[in-house]
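*Asks:* So the protein sequences, as listed, match chains A and B. Heads up: the first sequence begins at 88 in this note's numbering, then just goes up one per residue. Heads up: the second sequence begins at 2 in this note's numbering, then just goes up one per residue.
Read the hints as simulated data drawn from the structure, not as lab findings. By construction, the Cβ of each residue, glycine as well, lies at the ideal position given by its N, Cα and C atoms. Heads up, none of these hints are tricks.
Under the rule of at most 30 Å between Cα atoms (straight-line distance), these lysine-lysine pairs were calculated in the BS3-like manner:
1) A/Lys250 / B/Lys75
2) A/Lys316 / A/Lys285
3) B/Lys255 / B/Lys84
4) A/Lys250 / A/Lys285
5) B/Lys55 / A/Lys286
6) A/Lys250 / B/Lys216
7) A/Lys111 / A/Lys154
8) B/Lys3 / A/Lys316
9) B/Lys3 / A/Lys149
10) A/Lys250 / B/Lys55
11) B/Lys43 / A/Lys316
12) A/Lys285 / B/Lys55
13) B/Lys22 / A/Lys250
14) B/Lys60 / A/Lys316
15) B/Lys22 / A/Lys316
16) B/Lys75 / B/Lys55
17) A/Lys286 / A/Lys215
18) A/Lys154 / B/Lys9
19) A/Lys250 / B/Lys60
20) A/Lys181 / B/Lys3
21) B/Lys43 / A/Lys285
22) B/Lys22 / A/Lys286
Where chain A lies over chain B, by a calculated footprint (3+ residues, C-beta under 8 Å):
23) 27–41
24) 231–243
Derived CB-CB ranges, DEER-like:
25) A/Glu153 / B/Asp134: 56 to 62 Å
26) B/Ser142 / A/Trp251: 30 to 36 Å
27) A/Arg300 / B/Ser12: 22 to 28 Å
28) A/Arg184 / B/Ser196: 51 to 57 Å
29) A/Lys316 / B/Glu81: 35 to 41 Å
30) A/Gly334 / B/Lys255: 44 to 50 Å
Residue-level listing of the chains:
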Amino acid sequence: MKDLFFFDGNCRIGDNLEKMPGTKELLAEMDRYGVDKALVRHNAIAPGGAAYTNENITELLKEDVEKRLVGVWSILPDTCGEQQEPDQFFKEMKENRIGAITLSPVQHHYIPRRNVIGKIMDAARERKVPVLLNAFAEKWYELYDFMEQFPDNICIYTEACGKWGYDRYIQPLLDSYSNFYFGTAGYWVQDGISDLVKKYGAERFIYGSNFPRYNHGNGMLQIKHAGLKDEEIRKIAGENLNSLLNGADL
Amino acid sequence: MKRSIWEKENSLAAAMWNNGKLDFPVYDMHGHMGPHNAICFKHCSAEDMVAHLKRAGIKHLVFSHHANLLGFMKNESVVEICKEHPDFLRMYAGIIPQQQETIKSDLAMFDKWSPYAVGLKILPIYHNHKLEDKEYEYALSFANERKIPVLIHTWGNAPECGIYETICKYPDAKFFLAHCCFGAWDYAARCVNESNGNVWLELTAVPGERGIIEKLVEMVGSEKILFGTDLPWFDEYQAIGGVLSADITEDDIKNILYRNIEKLLGTDW
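Next up, chain A with everything else stripped away, as it sits in the complex:
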């Protein structure tokens, strides 16, 4: 088992209005299933807002003494003076073991276009900072528009917005944008992963659990026995995400 390195690209921790799993609970479950590392964002980003949840996820990461977790911060529009200047923002990300950004335009009431978030998104593109697209739950027109606005950013689709395969939505994005990566959480269609890998190559796919909604194990076994070559399995399980995060110039 441990010859396979798993880096989960889709985990959430931290309380929202209810008590939710925190750092220790996530780490315990990663141990149970053999997940080495995880990219984690806050459970309450949408209702809680960027300010509170960026601060709280930073605090939660401090409980991870082995440094197995890498955090995600939310961005806000540049135009209203709420978003730090990119250099300072990325400097603080690095200092706090934050490896990627995300955005919630619908819930945070802004339009994710170039004249709103262009400055921070362009800086993220230049520095190759991954952008987790967890903000467009089934708002496919908006996601398509966002990708047209920012076609060269590294984007990882992590939404598990339903378990009933959505290839008709996702494959055009994989076709159109070479920096668009697809997280496997909730993509459970029979033999679907092997089909996608045949068409796009294993480099475009990233293992994700969607913890705490789903457990880690089901998707691990699905990838392990998807009928892929060993090197393809290794890439999806952890190498792809590790490379993307290591490639960011923070």
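Dock chain B against chain A, hints included.
*Replies:* Structure of chain B alone, referenced to chain A:
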């Protein structure tokens, strides 16, 4: 890092991880076949699905063809598909409440479709009906007399669909509640625990949901839970992985994956 479930010696999880199969037959009690309007299926032919079943160590898939449930294919045509893969495929005869004459003529043929037809499939919501509607009475009486399985599509709105009232009315039919009344877990448990012992929860769409199988096992016991996937909607490895990932005993896992259905239908069907 501690040893994971996949590394525990002689465990079911380790066997599945290493071999891609378990050393006992797994029965998938909820499948489909053929294209569907809502999704892109690349592997929904009988041949592709059987190849997947073989690879994952599934003994039988009991399915209802999408075209049949949508009114485009007769049950007798589904029997012919089963005959081409007699070792793997079994079927539920689709019951469409708008087609009363077909229900009667199909059920008159049911015995001749043995061993392929093992029960009936009913989708009240998809067919704009409640389970307690009179349009289902003939089929449910048939199932009750013969004590055969009836797989009923359920979801979180099950309490509004007359499920509990109906299963009490037909105490000898074997009701499999597809998707375990997804989300309405207490209601699903009530259907099992307050019935005549003739109700099982079928797991499609549940494996992978963190903590839910554990909850269902606690509420109704693993003896009352059956494995299913909606194949080709869900991958067998994902679904078996979801069961193996649950924090339940290996006896519970075996009950779910094969023992319960073998108690109901035997080993030779």
